[in-house]
Amino acid sequence: MIDMPRLVDQSCHGVLRTELGLGTFEAHLGPSGAPPASGTTFFDTQTGFAVRRWCPPLLGLEPHCPPARYLARRRELGVAETGRRLLRSAGIATYLVDTGLPGDLTGPAELAAASRARAHEIVRLEPLAEQVADTSGTADAFLANLTEAVQAAAVRSVAFSSVSAPRCGLAAVAEPPGRGEARRAAGRWLARRTAGGPLDDPVLLRHLLWIAVGAGRPLQLHTGDRDPAVLAGFAAATAGLGADLVLLHGSPHHRTAARLAGAFPHVYADLGAALAATGARAADVLAEVLELAPFGKLLYSSGARALPELHVVAASAFRAALGRVLGAWVLDGAWSRTDAQRVAGMIAADNATRVYRLG
Amino acid sequence: MIDMPRLVDQSCHGVLRTELGLGTFEAHLGPSGAPPASGTTFFDTQTGFAVRRWCPPLLGLEPHCPPARYLARRRELGVAETGRRLLRSAGIATYLVDTGLPGDLTGPAELAAASRARAHEIVRLEPLAEQVADTSGTADAFLANLTEAVQAAAVRSVAFSSVSAPRCGLAAVAEPPGRGEARRAAGRWLARRTAGGPLDDPVLLRHLLWIAVGAGRPLQLHTGDRDPAVLAGFAAATAGLGADLVLLHGSPHHRTAARLAGAFPHVYADLGAALAATGARAADVLAEVLELAPFGKLLYSSGARALPELHVVAASAFRAALGRVLGAWVLDGAWSRTDAQRVAGMIAADNATRVYRLG
Amino acid sequence: MIDMPRLVDQSCHGVLRTELGLGTFEAHLGPSGAPPASGTTFFDTQTGFAVRRWCPPLLGLEPHCPPARYLARRRELGVAETGRRLLRSAGIATYLVDTGLPGDLTGPAELAAASRARAHEIVRLEPLAEQVADTSGTADAFLANLTEAVQAAAVRSVAFSSVSAPRCGLAAVAEPPGRGEARRAAGRWLARRTAGGPLDDPVLLRHLLWIAVGAGRPLQLHTGDRDPAVLAGFAAATAGLGADLVLLHGSPHHRTAARLAGAFPHVYADLGAALAATGARAADVLAEVLELAPFGKLLYSSGARALPELHVVAASAFRAALGRVLGAWVLDGAWSRTDAQRVAGMIAADNATRVYRLG
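The listed protein sequences correspond, in order, to chains A, B and C.
Counted the way UniProt numbering counts, the first sequence spans residues 1 to 359.
Counted the way UniProt numbering counts, the second sequence spans residues 1 to 359.
Counted the way UniProt numbering counts, the third sequence spans residues 1 to 359.
A few of these clues could be false.
[Unchecked claim] To give a feel for the contact side, a few chain A residues facing chain B, derived at Cβ under 8 Å:
#, residue
1, T256
2, A263
3, F264
4, E291
5, F295
These are computed hints drawn from the structure, not numbers from a lab.
Note that CB positions come from ideal geometry on N, CA and C, so glycine has one too.
Assemble the whole structure, with the sequences as input and the hints as a guide.
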């Protein structure tokens with residue numbers, strides 16, 4: 001009933017290049033890091049069931065076939081051919097690839113080639129700052145090099161991303177640290193850091209976010225399991241400065257994210273990753289996001305990493321959910337079909353094309 | 001299936017007296033103050049779509065006609081005739097009008113006449129206190145005049161309202177400030193204030209809320225974008241004192257508001273404004289409110305301001321949502337039809353009639 | 001469509017042994033302690049309507065008959081016969097009975113006999129510590145006796161429960177207090193305490209939770225009206241120590257509880273009590289819990305206390321909700337029927353059998 005355009009995936013990662021066994025595959029279905037509880041498996045989750053719903057048919061198997069059978073077929077085809085078959089069926093026109101994750105993942109160009117799509121880079125701020133620290137001798141040099149590195153990254157990429165926004169005290173102090181405060185923090189951090197050590201100083205993290213805001217590119221903020229309401233002060237402080245803020249991964253706080261997108265002109269809300277994680281519930285979660293957010297402020301993403309199956313699941317769940325929710329509103333007379341079609345295009349691709357200047 | 005009684009709108013505002021262009025009209029569809037983001041419009045929101053669903057037919061146009069066409073028809077009829085047509089079709093028996101907003105809005109008597117309904121006044125506390133400050137020379141005079149003004153307002157109005165409850169530190173200190181503390185706060189505030197300046201001192205705001213509690217009228221608390229859980233301590237401290245608390249505008253925190261209404265005998269939850277803002281999702285939001293709140297503790301309102309269209313949308317969305325949700329439960333055997341009819345009457349009008357003594 | 005196995009109720013209480021009048025019965029339908037608001041009744045809640053839906057037919061009356069008629073029939077049969085009829089129709093195989101509530105409630109053996117089911121005890125930590133305090137003369141004796149009492153309770157029971165987790169500062173300090181800190185807190189508390197006085201010292205409460213974690217049994221944490229996100233730090237600190245944490249009574253925070261169950265291998269989420277309280281909305285609430293929690297991490301409970309009707313309502317609402325939600329996903333092709341049947345068994349009984357070692 002609603003024609004679904006090809007998607008712009010505004011936040012994803014590359015896929016693994018190596019063959020995977022059942023256990024390694026399963027590990028990528030759960031939250032990163034933690035193993036499944038004894039007696040349980042990550043296949044028994046909405047994500048696991050969604051993979052078994054959408055992916056086996058793309059490799060010539062029946063939906064919901066057992067995991068071991070699916071993995072056997074995957075190995076039979078090989079990781080490269082599996083990746084191509086899955087990615088090319090996902091209906092993605094453009095990937096915005098966050099390259100800041102560790103691990104042997106394909107980069108934007110390789111993902112684009114495998115998918116027959118376009119790809120652009122998103123630069124993650126924390127690893128960028130850590131690389132700068134590895135080659136900067138003093139606090140002053142570090143701060144100067146950091147600004148330069150962020151400005152250089154703004155030229156080659158379409159956006160920045162950060163995972164530390166909920167952890168750097170923005171709820172208490174939204175403003176940028178002063179020059180002296182940043183310098184002292186840099187001195188302390190460099191002194192206790194060994195090469196490769198993570199950026200964990202709240203003052204420096206805040207300083208880094210503000211440099212990125214100054215660079216004018218959209219800034220994607222991962223809110224993890226925190227309520228994005230903690231970012232309301234930062235949103236107020238950055239209003240009118242020219243950089244858009246994009247709230248990522250809000251579930252179960254997607255309604256708060258949608259409300260912030262309604263309250264601040266420069267704040268946008270992501271909705272794809274929440275849908276990918278909730279599987280059979282994707283239409284319900286999508287409908288909740290559509291309550292308070294203006295329709296021009298919502299952006300599709302997959303948040304997929306490592307497995308091409310996660311790219312497929314996110315896109316399939318999103319398309320099915322959007323068609324179901326908007327279709328029901330049209331049938332009910334709440335929306336016109338013309339409006340529904342227009343809003344589908346906005347969320348699927350047009351909003352991202354405008355915000356990231358992809359046109 | 002469920003007969004819907006005429007409504008008591010327990011919290012609304014007057015409408016504008018001036019003709020509106022497309023841009024001015026659109027501004028009233030968004031959150032107050034912020035403009036729409038570049039490349040977007042507030043017509044592309046649930047509120048905007050709901051206006052285009054419910055209002056054009058009342059002015060002789062087809063549903064979902066383009067905004068420009070609707071605005072042209074509106075100007076053709078004139079603002080007064082448009083207001084009468086819209087308001088008289090909204091099915092409101094009684095308006096409780098919060099007169100504390102700035103701008104050239106119709107008062108209770110004018111709204112009642114345009115709508116062929118009754119109207120009562122709700123006095124907003126903050127502007128009342130600011131008027132008192134404009135004419136009080138000393139801290140002592142201010143505090144004495146303030147108590148007198150609140151008591152006088154309690155005689156002519158049916159309730160008080162306040163927008164500062166989430167901002168005056170109630171989560172930390174629920175109790176009223178002591179006499180000396182209030183006096184020092186009044187002295188400090190008056191000394192730094194110029195005429196017309198806003199009441200922004202947390203101690204005085206807390207003092208003001210407690211004077212209102214003492215006056216015995218229901219006290220409506222706008223919680224804005226905050227979780228009303230921050231008011232749990234204030235609810236506990238005011239239990240049994242005789243004044244009811246009514247939590248307004250809870251979305252997306254409507255479930256927390258409903259839970260508080262269940263936990264405290266003197267706490268009530270509003271549900272109309274959340275429905276008006278969520279349009280096609282109104283039935284789902286209403287159903288969530290009906291989970292934890294006792295049915296005798298829920299009150300319809302529109303929260304409408306400036307545009308008579310918002311009065312229409314709130315009432316239409318509420319009636320459609322209530323009919324759909326309760327009707328489905330009756331069909332399912334979960335509720336009896338008799339109970340559903342009775343609960344519809346309670347939420348639409350009877351609870352408000354009891355709480356505000358409108359009988 | 002989905003066969004529903006007999007349930008393991010992982011958290012409930014006994015029932016009253018005395019005949020009840022209309023008012024006493026009604027009091028048990030509301031939140032404990034608070035009376036209904038003037039002009040309202042706790043029968044006008046989802047719980048009240050659910051009791052009138054499910055229970056009258058079990059006593060030979062029509063569904064939704066008036067409360068007075070139901071109470072008359074209840075008295076006619078007598079409290080013991082009423083209890084047997086209701087409990088035996090609830091489809092419970094095993095009760096885990098939290099014996100820490102005051103009042104004249106049946107114990108595990110009596111509940112098992114009335115229901116023709118099995119029952120095991122859950123020991124609530126706070127009353128246990130208060131009993132130890134009643135018979136310990138010094139801080140040192142109290143701390144030594146407390147450890148011994150918890151270890152003894154771990155032998156005779158299947159789990160511990162606690163109601164103080166959200167109130168003992170775990171969000172700020174997740175770690176166990178040091179030996180000296182616990183000793184000073186015990187000294188202060190014993191000095192100001194009279195016999196029977198409640199354990200309300202945050203340091204001692206934290207100490208108590210950590211002793212229970214050390215005993216290796218599952219620890220059920222009531223989160224009351226708090227967001228279980230405040231327990232994330234405690235969950236991180238107790239990971240890998242061998243004791244599982246079970247989050248109870250999450251509504252309206254059930255989604256946060258589900259997310260924590262997905263993030264930590266040793267954290268589980270309860271879902272029965274939220275369903276019992278939300279009546280006609282139980283299927284919707286259940287569906288939300290199923291978004292983010294792995295299916296092996298969800299446990300049915302009733303949370304029922306005092307009235308056998310609450311045991312019936314929880315079990316009936318749960319079975320109806322589970323059948324409806326999973327059935328719809330199977331019809332939609334989102335889940336296979338085999339998977340749906342398997343997940344139903346896991347949540348209804350198998351997960352609890354594994355976690356509490358009931359096999």
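Quick rundown of the hints versus the structure:
Interface restraint check for T256 of chain A: the shortest CB-CB distance to chain B comes to about 6 Å, inside 8 Å, so the restraint holds. Given hint, A263 of chain A at the interface with chain B, holds; its Cβ is 5 Å from that chain's nearest Cβ, closer than 8 Å. At about 7 Å, the closest approach between the beta carbon of F264 of chain A and any beta carbon in chain B falls short of 8 Å, and the interface hint on this residue holds. Interface hint at E291 of chain A: satisfied, since its Cβ lies 4 Å from the closest Cβ of chain B, which is below the 8 Å cut-off.
Annotation: interface hint on F295 of chain A holds; nearest CB of chain B at approximately 4 Å, less than 8 Å.
Hint check: no violations occur; every hint is consistent with the structure.
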